[in-house]
Amino acid sequence: MRHIISILIENEAGALSRVAGLFSARGYNIESLTVAPTEDVSLSRMTLVTSGSEQIVEQITKQLNKLIDVIKLLDITEGAHIEREMMLIKVKADRGHRDEVSRLVDIFRGRIIDVTDVSFIVEMTGSPSKLDAFINAVHEDLVVEVVRTGPCGIARGSKGLTL
Amino acid sequence: MELSGAEIVVQYLRDEGVEYVFGYPGGAVLHIYDALFNQDDVKHILVRHEQAAAHAADGYARATGRPGVALVTSGPGATNAVTGIATAYMDSIPLVVLTGQVASPFIGSDAFQEVDTVGITRPCVKHNFLIKRREDIAETFKKAFYIATSGRPGPVVVDIPKDITDPNVRIPYAYPSKIKMRSYNPVAKGHLGQIKKAVEMMLSAKRPVVYTGGGVIIGDAADELTRLIHATGFPITSTLMGLGGFPASDRQFLGMLGMHGTYEANMAMHDTDVLVAIGARFDDRVTGHVAHFCPNAKIIHVDIDPSSISKNVKVHVPIVGPVQKVLKDMVKVVKETRQQPEEGALKAWWEQIEQWRAMDCLRYDRQSSKIKPQFAVETLYKVTGGDAYVCSDVGQHQMFAAQFYGFDKPRRWINSGGLGTMGFGLPSAMGVKMAFPEQEVALVTGEASIQMCIQELATCKQHDLPIKIILLNNGYMGMVRQWQEFFYDRRYSNSYVDALPDFVKLSESFGHVGMRVERPEDLEGAMREAFAIKDRLVFLDVIVDPEENVYPMIEAGKGHHEMYLSPASELV
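Listed in order, the protein sequences are those of chains A and B.
Just so we're aligned: the first sequence equals residues 180 to 342 in the numbering used here.
Just so we're aligned: the second sequence equals residues 592 to 1163 in the numbering used here.
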């Protein structure tokens, strides 16, 4: 099953490689990993998407907790949560396809943020499945380049994953 | 007090109460070595290879319970130490390893003797640090010692670029008396509700077994364990790493379990209905095939490391906490509860166990004209009164030592269990002897293992370490040969150590006493002679039966009830 693990970690050199190294050393999957400092610059927040049996995911969370730099973590897929991913996608948009692409972007509530006479760059956020759907909706011959951030996530409700 | 970076390193070690640093100098640590030169509190033990520095610090830590400290230079100094660091990591031994690094401006430039030490050691340390400012030295060391020794202990590497230790730049220094880390808070005690649940389950058991590991030794819980075992009347078995946590001479002890465990211990594991695992981690050499592991048991697991729980085997009652405190609470609950153990069932269980024990699975041919390795270890036990510190390398001799030297006290049995590092023995014995110069320190080794760190005979000479080396010389890599005999149709591919040195002359050339024994009847006399020489290292080359095997044996991937037994026990 797919799990999204949110991690608060010391914003120190090497912290990211400790997490990444743990996954490669123990043979766990990483589907995606996003990391950036929080409002407190001494802290980084990671969102890690992984998959595995309950037993493996339990081990993953325990092993992550064991890393000295990890302060707290939460498997947000255990409860109601929101996830969002951003995508920048460059599509061919010559005279024959401009209207069609532009309509699709509207339907998916994306924004065209760069235009040339033969292409658009589209910015889009949403759940990973929505971004997949957009890619599938655009004819594959028109897709030039896809850049995705990987999802970041947050648990619903008033409680936060904070110190 | 204004000190240079190098002086801060040394002053910190003094303030931390470090007695010995095991190390080897080199370019990146020269400033630190200069600072060491100017004081006498921290004694430096010069090894002959950096692997030995880590192993010696490790042996010191295992015997004393205090953190071992090693100091090596950058590049090859650090990579040589990696095997020793990984050895300590696998057995949860507290080490602080200082590695020199090239000067900060050169990091990343492929400078002379540069490696990414933090990157290389990351998977085999509890934590590591690269110091970037000299102002951080003291606090980083404080953290390093705290992390290494608390919770589930382990090695911590501190990488120090050369410019940080520059003798010409001085800054104020004060020993940081306290440290708090928001990201690291080891558990202080076990959950009382879980402990009560565990005791209830234990007292209702009909065929209980207590299975203990290295956590009992590392967690200084031998007394508490002994109290619990005596209070419950339960049988107890121990892993290789847990030997000495409960007296081997006690009737309730079933011997070691696992791949080369006793018949009674493994059969009891297979038939138990309540297994109490304490400070043990369900290693594959212990469990065999997990699908056949304790098929009928409810499992209670006490461990300080949450990630050890349900890692290999699903447990029913987990208790996360320091073993010593948890056992103390357990004994209290056992004594206070009105619930009584299942006396009748326990009696029947013990009768069954005694039947298994009567098989005498460690029997060997005592009439042999060759020296049997088992006999050599038994003789060592006799000569040392069972009270020596016994270090070992890895292989058959290690198993014979574990099976035949009955350890009654913790921290007396020093060996590399998790990583299985050949070459560990001699340097670890140096660490033990430094810590306990008045005690007998014996190294039981093999002719293959000893050659992996043989250069340390020079260290023993220089630092006056009268260790007694008992070499069980069978001319083979015994354990490799045994597997080849069993599983590769006796094709002894590269397991024969041809061209062995004359160990007597070799040790004499290092300035030690060398002796050789070839007949069983000469062994005890030779050993007594060796131990009577108090002030010199004696290297006893014992020529043993070349094709003796370690029994019982469970083939990898089999269950506890599927043991090979010795032909000598006439049970096959």
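Treat the hints with care, since some could be wrong.
[Unchecked claim] Once the Cα atoms are required to be at most 27 Å apart in a straight line, the calculated DSSO-like pairs of lysine-lysine come out as:
1. K1052/B with K245/A
2. K251/A with K889/B
3. K905/B with K889/B
4. K309/A with K245/A
[To be verified] Listed next, the stretches of chain A that the computed footprint assigns to chain B, with coverage defined by at least 3 CB atoms under 8 Å from CB atoms of chain B:
5. 191 to 198
6. 231 to 238
7. 256 to 266
[As the list claims (entries may be wrong)] Computed footprint of chain A on chain B, listed as stretches where at least three residues anywhere in the stretch have a Cβ under 8 Å from a Cβ of chain A:
8. 841 to 853
9. 884 to 898
10. 913 to 922
Simulated from the structure, these hints should not be mistaken for laboratory data.
Each residue gets a CB set at the ideal place from its N, CA and C atoms; glycine is no exception.
Starting from the hint list further up, note which numbers the structure goes against and sort them upward.
Failing hints, ascending: 1, 2, 4, 7, 8, 10.
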